[in-house]
Amino acid sequence: MATPTTTETATAVPGPGAKARGQGARSSRRFALLLLSPTFLVLALIVGYPVLAGIRQSLYNKDEVLVDGFVTEGERFVGLDNYTALFRGERGDAFWNAFFNTSFFTATAVVLETVIGVCLALIMHQALRGRGLVRASVLVPWAVPTAMSGLLWRWIFQPDGVANTLLHQEILWTADGWQSKVAVIIAEVWKTSPFIGLLALAGLQMIPQDVYEAARVDGASAWQQFRRITLPLIKPALAVAVLFRLLDTLRMFDLPFVLIGANKESVETLSMLAWSEAGNLRYGVATAYATLLFVYIALIAYAFIKLAGADVIGEARVRKTTGKKGAKA
Amino acid sequence: MKRVLNYAGLAFVAVFCLAPFYWMVVSAFRRPQDQFDSSPWPAPWSTENLRAVFDPDNMFGRALANSLLVAGVTTALTLLVAVFTAYTLARLDFRFKNAVLGVIVATSMFPGISQVVPLLKLFIDIDWINTYQAMIVPSLGFALPLAVWNLTVFFRQLPFELEQAAMTDGCTRGEAFRKIIIPLAAPGVFTTAILVFFMAWNEFIIAFSMVNEKSMQTATVAIAKFTGMRGFDQPFGTQMAAAVVVTVPLVIVVLVFQRRIVVGLTAGGVK
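So the protein sequences, as listed, match chains E and G. Residue numbering for the first sequence follows full-length UniProt numbering, starting at 1 and increasing by one per position. Residue numbering for the second sequence follows full-length UniProt numbering, starting at 1 and increasing by one per position.
A hint or two may mislead.
As the list claims (entries may be wrong) - A few chain E residues facing chain G, derived, Cβ under 7 Å:
1. G79
2. A136
3. W155
What the hints assert, rightly or not - When the alpha-carbon atoms are kept at most 25 Å apart in a straight line, the in silico BS3-like pairs for lysine-lysine are as follows:
4. K181(E) x K97(G)
5. K97(G) x K306(E)
6. K62(E) x K225(G)
What the hints assert, rightly or not - Pairwise CB distance ranges, derived in the manner of DEER restraints:
7. I129(G) x Y212(E): 37 to 45 Å
8. A19(G) x Y212(E): 30 to 38 Å
9. G279(E) x Q234(G): 19 to 27 Å
10. Q234(G) x V295(E): 43 to 51 Å
11. G132(E) x P159(G): 27 to 35 Å
If you're looking for bench data, these hints aren't it; they were derived computationally from the structure. No residue lacks a Cβ here, since even glycine has one placed at the ideal position from N, Cα and C.
Produce the complete structure using the sequences and hints provided.
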C-alpha cells in the first residue's frame, strides 16, 4: 500500500500542467493494475485454467498404448470424438435425458420461483407490522445448506413420511419417475423463491406511492395497477434475480444428488452426468459434458439478457460518467 | 377486512418458509423409535438423536471443525483479495473498468462441474486430494466474484470528498484508504463476509469430490454420508439432528443480522 506516494496525490489534486496529469493517470493505471492482479490471478487459476484444461481434456481420450512392448495407459488426441460420441447410442440417450431434465427443471422451477417470489414480495410489502419477523423467516430457506435441504425433503418425501401423511397418498416420491422430478422442483422452489421475493420486495420499495394514488384517481383496478405499474417498475430488479436463478438451476447438482441420488434417470442433470463420468475416470467424456453445459448456460444467459434487457452491470455504466466528474472536480 | 387479509398473507409466507425447517427440528428431537410418527410435536422429547450425532464413529465434531476452518479461511482470503479489487473498481478511474467488472461477474456463471473435473485431475497430480487447500482454493474462486461485486457496490456509495480531503491534507492514497475508506466500508465488508461465509459453509460439490477421507470431510458432506445401523437404512433421525446442528447457527445469524443480509443480497440487484 505504501508504494504509490507523490504521483498518487497528483491524480487526486489535479496538477497545474497537462504533463503532470498524464503522468498521474499512468501511475494510477499501474496502481489499479496492481490492486486488481490478485483477483485476476485467483480467477485465472480457479476458473480460467480449469475451463481451458477442460476443453483440452475433452479432446483427449484415455487409451491403452503399446510402448516398447509394454501396455501403458496414455492419453490420445481424439479430436471431437468425445463430443460426437455423446449424441449416439446409449450415451446419447443418457445425454438427451440429462439435457431434458436440466432444461425442464430450470424452466419449471424458475417460472414457479418467480411467480411465488413476486407473490411473497407483494404480501410482505403490504405488511405494516411484523415485517421484520417475516423477512427473517424468508431468509431461513436460503440459510439452510442445499445439501441439508436435500436431506430434509428426502425425509419429508419418504414413503411413510409427512408429505404422504398430509396428502393421504402413498406416493414413492424418491424412487425415480415423475414424482421424483416433482419432489426436486418442490424442494428447489421452497429454497429459492424467498430469494426472488426479497429482491422483488427491494424493487417494490423503490416505487413511489403517489404513482399508485394517481392510478387510483384515474380508476385503475388493482390488477391494472399491478400489470401497468408494479410489474414494469420491478422488472429490472426481477430480471437480475431471474438471471441468477437461471444460471444456478442450469448447473444444479447437490439437490437432486442428495434428494434422489446418483444415476437416477428421472432427475439426472448434466452436472450430475459429468460428475459420474469423472467418477469413472472418463475425464475426456466428463469434460465434454461440462463444456457442453457451459456453452448451453452461456447461450441461455445471452438470450435472456437480450430478451429481458437485464442490466447486470448497468449501474457501473451510469456511475462511470458521474464518477469521472467526481474525480475531476 | 384488509387487515385480516394482510395477516393471513403474512402467516402464509411464514408457514411456507418455516414449515419444512420446523419438521427438521421436530424430527431431530423424536426418539428413534418414534421416528415415523407424524404428530406435529415430538412426544416425548428426546436428545437421543443429538447424542448419536456426536457418536465418535461419525467424527462429526471433526467435520464441524473442518467446515469452520474451510469456510473461515475462505472468507478471510476472499475478503482480503476482494477489498482491493472492489476499491479499485469503485474508486479509481481507468479504461476498461466496466469490462473488468463484467469479466469478474461473468466468471460466476461457469458451472461448478466444469471446474471440478479438471481441478480434480490437477489435485490428484499434485497430491492435494484430502487436503484443506483443495477445498479452500476452489471455494475462493467461487466466492470472489460475489464478494467483488458486493463490495464494489458498497464502496461506490461512500462519499468521494472525504478521501480527497484526506489526500489534500497530505495523506497518501494508501493512508486515505486505510484511515478513511476501510472504517467507512466496515459494515459493507462485514455484510459481504456473512454472505461469503454462508456460501463457503454450504459448499458441497467440491468438498464431496476432493476429499474421501472421513477425517477431512466438511459437515455437509459428512451428514450426507452418514450410514445407519443396517445397510440400506438411512438414519434420518441422526441426519436431521446433525442438520439442525449445522443449520441452527446459520438461522440465528440470519435472525440477528437480517437487515445486513438483505442489504447484501439486494445490493447488486436493485439500484
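Against the structure, the hints:
1. G79: Given a least distance of 19 Å, the restraint on G79(E) is violated.
2. A136: holds, 5 Å
3. W155: With Cβ-Cβ at 5 Å, under 7 Å, it holds.
4. K181(E) x K97(G): violated, 43 Å
5. K97(G) x K306(E): Between K97(G) and K306(E) the Cα gap is close to 22 Å, so the pair holds against 25 Å.
6. K62(E) x K225(G): Not OK: K62(E) and K225(G) at ~30 Å, beyond 25 Å, violated.
7. I129(G) x Y212(E): 37 to 45 Å: Between I129(G) and Y212(E), where Cβ atoms are some 59 Å apart, the hint is violated.
8. A19(G) x Y212(E): 30 to 38 Å: Since the Cβ atoms of A19(G) and Y212(E) sit about 33 Å apart, the hinted range of 30 to 38 Å holds.
9. G279(E) x Q234(G): 19 to 27 Å: Given about 21 Å between the Cβ atoms, the range holds.
10. Q234(G) x V295(E): 43 to 51 Å: violated, 37 Å
11. G132(E) x P159(G): 27 to 35 Å: Because 29 Å falls inside the window, the suggested range holds.
Hint compliance for this structure: hints 1, 4, 6, 7, 10 are broken, all remaining hints hold.
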